[in-house]
Each structure stands twice: as structure tokens, then as C-alpha cells.
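Protein sequence lines correspond, in order, to chains A and B. Position 142 of the first sequence, counting from 1, maps to 142 under the working numbering, and the rest follow consecutively. Position 101 of the second sequence, counting from 1, maps to 101 under the working numbering, and the rest follow consecutively.
Incorrect hints may have been included.
Facing chain B, a subset of chain A residues (Cβ under 7 Å, in silico) [stated by the list, open to error]:
1) I95
2) V98
3) A119
4) G122
5) K123
6) L124
7) S127
8) L128
9) A131
10) S164
11) T187
12) S194
13) W195
14) L206
Far from chain A, by Cβ distances over 12 Å, these chain B residues were calculated [as the list claims (entries may be wrong)]:
15) R67
16) G85
17) I97
18) S110
19) L142
20) A150
21) F155
22) A188
23) F195
24) T197
25) Q199
With beta-carbon atoms standing in for the labels, derived distance ranges [what the hints assert, rightly or not]:
26) B:R43 <-> A:V92: 37 to 43 Å
27) B:A191 <-> A:L81: 22 to 28 Å
28) B:G96 <-> A:G153: 44 to 50 Å
FYI, nobody ran anything at the bench for these hints, they're computed from the structure. Think of the CB as a built atom: it goes at the ideal place given N, C-alpha and C, for glycine as much as any other residue.
Spelled out from the first residue to the last, the chains are:
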Amino acid sequence: MSGAWAAPALLGRVSRPASSALAALVWLHPAPALAHGSLAVGDFYSGMLHPFLHFETLLPTLAMGLWSGQLGSPYSWRLPLAFLGAVMAGSVAGILEVDLSLAPTSLELSMLVLGLLVAARGKLPASLALALALLFGLFDGQTSAYDPQAPIGRPLLFIAGVGSSVGLILFHVVTRVVRYRAFWVQTGVRVMGSWIAATGLLVLALEWTGER
Amino acid sequence: MKVESNWAARALPAAALLVWLPAAAFAHAAGGSAGAGFLTGFRHPLGGLDHVLAMLAVGMWGAQLGRPAIWVLPVAFPQVMALGGVAAILGLPLVGIELGVTLSVLVLGSMIALDRRPPIWGAFLIVSFFAVFHGYAHGAELPGKTGAVAYSAGFVIATGLIHVTGIAIGLVVKLPHGGKALRAGGSAIAAAGLFLTGQLLLR
Numbered sequence: 001m002s003g004a005w006a007a008p009a010l011l012g013r014v015s016r017p018a019s020s021a022l023a024a025l026v027w028l029h030p031a032p033a034l035a036h037g038s039l040a041v042g043d044f045y046s047g048m049l050h051p052f053l054h055f056e057t058l059l060p061t062l063a064m065g066l067w068s069g070q071l072g073s074p075y076s077w078r079l080p081l082a083f084l085g086a087v088m089a090g091s092v093a094g095i096l097e098v099d100l101s102l103a104p105t106s107l108e109l110s111m112l113v114l115g116l117l118v119a120a121r122g123k124l125p126a127s128l129a130l131a132l133a134l135l136f137g138l139f140d141g142q143t144s145a146y147d148p149q150a151p152i153g154r155p156l157l158f159i160a161g162v163g164s165s166v167g168l169i170l171f172h173v174v175t176r177v178v179r180y181r182a183f184w185v186q187t188g189v190r191v192m193g194s195w196i197a198a199t200g201l202l203v204l205a206l207e208w209t210g211e212r
Numbered sequence: 001m002k003v004e005s006n007w008a009a010r011a012l013p014a015a016a017l018l019v020w021l022p023a024a025a026f027a028h029a030a031g032g033s034a035g036a037g038f039l040t041g042f043r044h045p046l047g048g049l050d051h052v053l054a055m056l057a058v059g060m061w062g063a064q065l066g067r068p069a070i071w072v073l074p075v076a077f078p079q080v081m082a083l084g085g086v087a088a089i090l091g092l093p094l095v096g097i098e099l100g101v102t103l104s105v106l107v108l109g110s111m112i113a114l115d116r117r118p119p120i121w122g123a124f125l126i127v128s129f130f131a132v133f134h135g136y137a138h139g140a141e142l143p144g145k146t147g148a149v150a151y152s153a154g155f156v157i158a159t160g161l162i163h164v165t166g167i168a169i170g171l172v173v174k175l176p177h178g179g180k181a182l183r184a185g186g187s188a189i190a191a192a193g194l195f196l197t198g199q200l201l202l203r
């Protein structure tokens, strides 16, 4: 009796992370095939793909998720929700072609700031942390949707797609950072933050010299 | 043992994702900035023997020193290297870049071989000193055009992964006779560093 129960229980225990990874793989799999800008995948799906195909918006999102997870509750759900909301609002601004002229540089700035916060496991006052999440989310969303050369046919679908991906990324990253407290995992999180900050620093320098 | 195997079961899917994610992003440049630069940037640090050996040595030395160096160095190293890269991008002059890079292989390899254990700030200073040269050498070759984020990310991640590989190799210190094996590895790196430095000076 107990053996009959143990087998599926064991299977479930071992395969849960594996199956979630598999789900993510399946979900990511269409990306190579659909990565052409010219392919008609529909505005929702091109919105969903957008965060994955643009490092300058992906990296701040990842850093946001890592940092929120490190800080724990209530930051771990407040900050991602604020960031997600700001991404959606920023996307609307981008669609309306509101030109936040600082935006390109600010993405690298958000990589640097959030990456350093992750690397240092930095804590900030709640209001300041929330303000950072809102500001960086706004820039992230605005850059995602701002493209005067190729206007998006059905903007609401595109924004919904961007929001879905950003939300999924944040959810997966935050829940894992919150759950796995092992020394090596938490060190890995800090190292990833350091990588994101280093990337931001290099590109920021490139932007300053106007070589980009 | 149970804890370790559990951890492996958790880490493997994540590792699989890490391998897959760039593959999804590489697909075509047309879809976004991620395609063009990432692979080029990722390959770059892997191309030079001196750079690879130095990064490996930093990881191995960190593992030999144990905590806190084993986690302080991987977290702090990318920042210092990026600062070196910034210096190159801004055009600040730095002399003896190539010599600094090859000497770093020699010195870091020797540290492992001789089992030198300076305090954490000393280890950090030594590693940082050489990190600036490595960052400068690579920063000078950063492409100044679109895709810079993807290139830089690929470059930083590849460097970091060599570092992590070095730590993984260095963890042999936990095995019986592992300390000696690690010191032997350090000697091999130091010998390669000596050769590379000699090659540079006699050129």
C-alpha cells in the first residue's frame, strides 16, 4: 500500500522542477521559428516575444525579479506587481509615441542600479524601492512599445502580450528566489545581479561616448 | 548526500533553461537586438587562452581560499572588469595591457600552486588589479553599434561562466588529496602564464 503511494509521490517530487522546465522549454520553443520581425505572428505573440528578443528590456526585468525575491515578503509581491503595472502603463505611453528621451540610457541605468542592488543584497526603504520599480517599469514598457517606424496594428493585444511575458518572467524568478534559500542558490542570484550590472555599466559607457 | 542530490535535481532544469534561452534568442537578428550580438560577445572571452586561463585561475583560487572569497570574488569581479572596459571605451590610457593579461595568468596560477592565503581584501586587490587589464583588453573591442547590450551580456556571461567553471574545478579541494591536485593545476596554469609572458616579451 505504502509502496504504491510512494512511487507516484517520489516521481512527483523529482519531476516537478523538471516538468516546469519542460513547460518553459515548450513555451520557448516557437521563439526560434517565429523570431523574424516580418513574420505575421499576430500582435499578441509579437508582444510576448518582445521581452525575450531584446536584452535591454529583459535584463532589467530579470534583475527586478531577483531583487524582489531576495527582499522577501511583502516586497516579493509588491515590487513585481508595481513593475508589471508600470510596464503596461509605459507600453501605453510608447504606443501613444510619448517620447521619453532619456529612455534608452535609462534601461542601462536600471540594469546597473538593480543589478548592483541584487549583487549587494541591498535593502531600500519601501517607498524608494516602490518608486524605483515604477520608474524602471515605465521605461521598460515605453521602450518595448515605442517604434514610430513600424506602428503596431492592434496595440492592446501587443501590450497584453508584453505584460504576459513580463509577468511570467517575474513570477518564475521571484518564486524560485524566495523558495530556494540554499547558500549556492543565493550566491548565484547575487552573481547574476553582478553580471547584469556589469552589462549595464559597459553599455552605459558606450552610450556616453556616443559610439552606439 | 541527500541534500546534494536534491539540489542537483533542482539545478539541472535551470541549467537546461540557461542553455536553451540563448538558443531561442539567437534565432534571427531581425526579431530583435538579442540575436546579432549575443553569440559574438559570448564567444569572445572563450577565444583567448590567456583570458580563459586567468578566469579559471580566479575561480580555482576562490575555491581554494574558501568562504568568503568563493562568493565575494564572483560577485565583485565582473564590476571591476566592467570598470576596466569602461576605461577602454572612454579612451583612458593604460600601459602594458597585454603584459598585464599574461602576467595575471602567471601570478594567479602561482598563488594556487603555492597555496597563498592572503586576507580577503588582499585577494580582492590582486584579482582586481588584473581584472582591470582583462576588462580593458576586451572593452577596447566592444562593437560600438546596435546590439551592444546583447554583445556585452554575452561577453559578461561567458566570462562569468569560465569563472564558475574554475570554482567547480577548485572544489576538488574537498576530496582526499584534492588540495594537491588543485596545486598541481595551479602550477600548470602558472607554467602556461610563464610561457605566454615569455612569448610576449621575446616577440
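These are the hints, each one checked on the structure:
A distance limit of 7 Å between C-beta atoms decides the matter here; for A:I95 the minimum to chain B is near 18 Å, and the interface restraint is violated. Checking A:V98 against chain B: minimum C-beta separation of about 22 Å lies over 7 Å; hint violated. A least Cβ separation of about 5 Å between A:A119 and chain B falls short of the 7 Å threshold, and the interface hint therefore holds. Below 7 Å, beta-carbon pairs count as interface contacts, and A:G122 has none with chain B, the closest being about 12 Å; its hint is therefore violated.
The interface hint given for A:K123 is violated, since its Cβ lies 16 Å from the closest Cβ of chain B, which is over the 7 Å cut-off. Among the interface hints, the one on A:L124 is violated; its C-beta lies about 19 Å from the nearest C-beta in chain B, farther than the 7 Å criterion. For A:S127, the suggested interface contact is broken, since its CB lies about 27 Å from the closest CB of chain B, more than 7 Å. A hinted interface residue such as A:L128 counts as satisfied when its beta carbon comes closer than 7 Å to some beta carbon of chain B; here the least separation is about 22 Å, so the hint is violated.
Below 7 Å, beta-carbon pairs count as interface contacts, and A:A131 has none with chain B, the closest being about 24 Å; its hint is therefore violated. Of the supplied interface hints, the one on A:S164 is violated, with its beta-carbon coming no nearer than about 16 Å to a beta-carbon of chain B, more than 7 Å. The criterion of a C-beta within 7 Å of any C-beta in chain B is met by A:T187, whose closest approach is roughly 4 Å, and the hint holds. Hint status for A:S194: holds, given a least beta-carbon distance of 5 Å to chain B, under 7 Å.
The closest approach between the C-beta of A:W195 and any C-beta of chain B is roughly 5 Å, which is under the 7 Å cut-off, so the hint is satisfied. A cut of 7 Å between beta carbons decides the hint on A:L206: the least distance to chain B is about 5 Å, and the hint holds. Once the 12 Å rule is applied to beta carbons, B:R67 is inconsistent with being away from chain A; the minimum gap is 9 Å. For B:G85, the condition that its CB be more than 12 Å from all CB atoms of chain A is violated, with the nearest at approximately 5 Å.
B:I97, annotated as away from the interface, keeps every beta carbon of chain A farther than 12 Å; the closest lies near 17 Å. Separation of B:S110 from chain A is adequate, the least Cβ-Cβ distance of about 26 Å exceeding the 12 Å criterion. Its beta-carbon lying about 6 Å from the closest one in chain A, B:L142 breaks the requirement of being farther than 12 Å from that chain. For B:A150, the condition that its CB be more than 12 Å from all CB atoms of chain A is violated, with the nearest at approximately 5 Å.
Not every C-beta of chain A lies more than 12 Å from that of B:F155, the closest at about 8 Å, which undercuts listing it as non-interface. Interface exclusion of B:A188 from chain A stands, the closest Cβ pair being 26 Å apart, more than 12 Å. Separation of B:F195 from chain A is adequate, the least Cβ-Cβ distance of about 30 Å exceeding the 12 Å criterion. B:T197, annotated as away from the interface, keeps every beta carbon of chain A farther than 12 Å; the closest lies near 27 Å.
Listed as a non-interface residue, B:Q199 keeps its Cβ farther than 12 Å from every Cβ of chain A; the least gap is roughly 29 Å. Between B:R43 and A:V92 the C-beta distance comes to about 39 Å, which sits within the given range of 37 to 43 Å. Between B:A191 and A:L81 the C-beta distance comes to about 55 Å, which lies outside the given range of 22 to 28 Å. Hint check: B:G96 to A:G153, Cβ distance near 56 Å, so the stated range 44 to 50 Å is violated.
Comparing the model with each earlier hint shows violations of hints 1, 2, 4, 5, 6, 7, 8, 9, 10, 15, 16, 19, 20, 21, 27, 28; every other hint is respected.
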